[in-house]
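Colleague: Below, each chain spelled out in residue letters.
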Amino acid sequence: MTIHINLDVMLARRKMSSKELATTVGITQQNLSILKTGKARAVRFSTLDAICRALDCQPGDILTFEDDAGKAG
Amino acid sequence: MNTIQRPSKRFALLFRALFILYPIGVLAVWLVADPGAGGQWLELDAFKRAGLVSADAPLGTWQRLACFGAAMLPGAAVMYAYRSLWRLFDLYAAGAFFEKTNVARLRDIGWALMAQQILALPAGALQTLALTAHNPEGERMVTLAIEDSNVTLIVVGLMIILISKVMDEGRKLQEEQRLTV
Numbered sequence: 015m016t017i018h019i020n021l022d023v024m025l026a027r028r029k030m031s032s033k034e035l036a037t038t039v040g041i042t043q044q045n046l047s048i049l050k051t052g053k054a055r056a057v058r059f060s061t062l063d064a065i066c067r068a069l070d071c072q073p074g075d076i077l078t079f080e081d082d083a084g085k086a087g
Numbered sequence: 014m015n016t017i018q019r020p021s022k023r024f025a026l027l028f029r030a031l032f033i034l035y036p037i038g039v040l041a042v043w044l045v046a047d048p049g050a051g052g053q054w055l056e057l058d059a060f061k062r063a064g065l066v067s068a069d070a071p072l073g074t075w076q077r078l079a080c081f082g083a084a085m086l087p088g089a090a091v092m093y094a095y096r097s098l099w100r101l102f103d104l105y106a107a108g109a110f111f112e113k114t115n116v117a118r119l120r121d122i123g124w125a126l127m128a129q130q131i132l133a134l135p136a137g138a139l140q141t142l143a144l145t146a147h148n149p150e151g152e153r154m155v156t157l158a159i160e161d162s163n164v165t166l167i168v169v170g171l172m173i174i175l176i177s178k179v180m181d182e183g184r185k186l187q188e189e190q191r192l193t194v
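These protein sequence lines are chains A and B, in that order.
If you read the first sequence in the working numbering, its first letter stands for residue 15, the second for the next number, and so on.
If you read the second sequence in the working numbering, its first letter stands for residue 14, the second for the next number, and so on.
Think of the hints as simulated: they come from the structure by calculation, not from any bench.
It is possible that some hints are incorrect.
Pairs of lysine-lysine residues, derived as DSBU-like cross-links and limited to a Cα-Cα distance of at most 30 Å, are as follows [as the list claims (entries may be wrong)]:
#	chain 1	residue 1	chain 2	residue 2
1	B	K22	B	K113
2	B	K22	A	K53
3	A	K33	A	K50
4	A	K53	A	K29
5	A	K50	B	K22
6	A	K29	A	K50
7	A	K29	B	K178
8	B	K185	B	K22
9	A	K33	A	K53
10	A	K50	B	K185
11	B	K22	B	K178
12	B	K22	A	K33
13	B	K178	A	K33
To list a few chain A residues with every Cβ distance to chain B over 10 Å, as calculated [to be verified]:
#	residue
14	D22
15	T38
16	N45
17	R58
18	T61
19	D70
20	C71
21	Q72
22	F79
23	D82
With the C-beta cut set under 8 Å, the calculated list includes, among others, these residues of chain B facing chain A [as the list claims (entries may be wrong)]:
#	residue
24	E189
25	L192
26	T193
27	V194
In this text, a Cβ means the ideal position worked out from N, Cα and C, and glycines have one as well.
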């Protein structure tokens, strides 16, 4: 996967727990865990919107693109 | 969900029982089959009507056992289908509907159904050979018979395999849904 989730970094910067974020965003902790561990196949705009609102950040602060294939070559 | 899970438990139990009873039943039929007696439920009756066995020449033990062995060629596929069915209904009973294992079990049932029909051909040939082994020279037979029911069940098997592919697509959709946050 070339899209990386930096939610842990943002949570640490905002000194917020995963549980708190899940409650604020309105998703289960299990779903937040799927997102944090990079297992998610898709993220709804509404979820991204709520996360950015809760963490006071931009989508680019949470999602980064790294070309794994380019690195390997 | 209870409307699926509760009857599924019963079906799982039924197919477990059938898995055990099937070979016992086939063995019993071949051990007690009497060419002199009537009773159309016996497979032997069809052979009698075809003139392969007669009331005057009782079947020997080895003939009965050989016929049972031949019958268990497609019988093994039937047992495999029962096994797959009980495991499928166990999954439904446990609340698993669109999982990889469900798809695999459904596909197994389709293959088993097709295998049963294909294996019925050599089984029939072996049975006629065993049943006519004591006949005078020139009257011993090996028959290969394909009936329309064989073809129908092969088509049914193919349909079940196709349905399992549709189920697999459903499983992928469910997984996609589960991993969408």
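Colleague: Against this structure, judge whether each hint is valid.
Modeller: Structure-based check of each hint:
1. Restraint check: the Cα-Cα separation between K22 (chain B) and K113 (chain B) comes to about 20 Å, which is no more than 30 Å; the hinted pair holds.
2. The suggested pairing of K22 (chain B) with K53 (chain A) is violated, with an alpha-carbon distance near 33 Å, which exceeds 30 Å.
3. Taken as a hint, the K33 (chain A) and K50 (chain A) pair is honoured in the structure, with Cα atoms around 12 Å apart against an allowance of 30 Å.
4. Pair hint K53 (chain A) plus K29 (chain A) holds up; C-alpha atoms about 24 Å apart against a cutoff of 30 Å.
5. Using a Cα cut-off of 30 Å, the hinted pair K50 (chain A) and K22 (chain B) is violated, with the two alpha carbons roughly 38 Å apart.
6. Taking the CA atoms of K29 (chain A) and K50 (chain A), the gap is near 16 Å; set against the 30 Å cutoff, the hint holds.
7. Between K29 (chain A) and K178 (chain B) the alpha-carbon distance is near 47 Å, which puts this suggested pair outside the 30 Å criterion.
8. Proposed proximity of K185 (chain B) and K22 (chain B) is supported: the alpha carbons are some 26 Å apart, at most 30 Å.
9. Proposed proximity of K33 (chain A) and K53 (chain A) is supported: the alpha carbons are some 18 Å apart, at most 30 Å.
10. For the given pair, K50 (chain A) sits about 22 Å from K185 (chain B) by alpha-carbon distance, which is consistent with the 30 Å threshold.
11. Of the pairs offered as hints, the one joining K22 (chain B) and K178 (chain B) holds, with about 25 Å between alpha carbons and a cut-off of 30 Å not exceeded.
12. Under the criterion of a C-alpha separation no larger than 30 Å, the hint pairing K22 (chain B) with K33 (chain A) is inconsistent with the structure, at around 38 Å.
13. Distance restraint check for K178 (chain B) and K33 (chain A): the Cα-Cα separation of roughly 39 Å exceeds the 30 Å cut-off, and the hinted pair is therefore not satisfied.
14. The Cβ of D22 (chain A) sits about 15 Å from the closest Cβ of chain B, beyond the 10 Å cut-off, so the non-interface label holds.
15. Against chain B, the non-interface label of T38 (chain A) holds: every CB pair exceeds 10 Å, the least being about 14 Å.
16. Under the 10 Å C-beta cut-off, the non-interface status given to N45 (chain A) relative to chain B is violated; the minimum distance is some 5 Å.
17. Residue placement check: R58 (chain A) does not keep its beta carbon more than 10 Å from all beta carbons of chain B (closest about 7 Å).
18. A Cβ of chain B approaches the Cβ of T61 (chain A) within 10 Å, the least distance being about 5 Å, so the stated non-interface status is violated.
19. Annotated as non-interface, D70 (chain A) keeps its C-beta farther than 10 Å from every C-beta of chain B; the closest such distance is 20 Å.
20. Interface exclusion of C71 (chain A) from chain B stands, the closest Cβ pair being 17 Å apart, more than 10 Å.
21. At the 10 Å boundary, the C-beta of Q72 (chain A) stays outside the reach of chain B, the nearest C-beta of that chain being 18 Å off.
22. For F79 (chain A), the shortest C-beta to C-beta distance to chain B comes to about 18 Å, beyond the 10 Å cut-off, and the non-interface label holds.
23. Against the 10 Å criterion, D82 (chain A) stays outside the reach of chain B, whose nearest CB is about 20 Å from its own CB.
24. Given the 8 Å rule on beta carbons, the hint for E189 (chain B) holds: about 6 Å separates it from the nearest Cβ of chain A.
25. A hinted interface residue such as L192 (chain B) counts as satisfied when its beta carbon comes closer than 8 Å to some beta carbon of chain A; here the least separation is about 4 Å, so the hint holds.
26. Proximity of T193 (chain B) to chain A holds as hinted, the smallest CB-CB distance being about 4 Å (cut-off 8 Å).
27. A hinted interface residue such as V194 (chain B) counts as satisfied when its beta carbon comes closer than 8 Å to some beta carbon of chain A; here the least separation is about 5 Å, so the hint holds.
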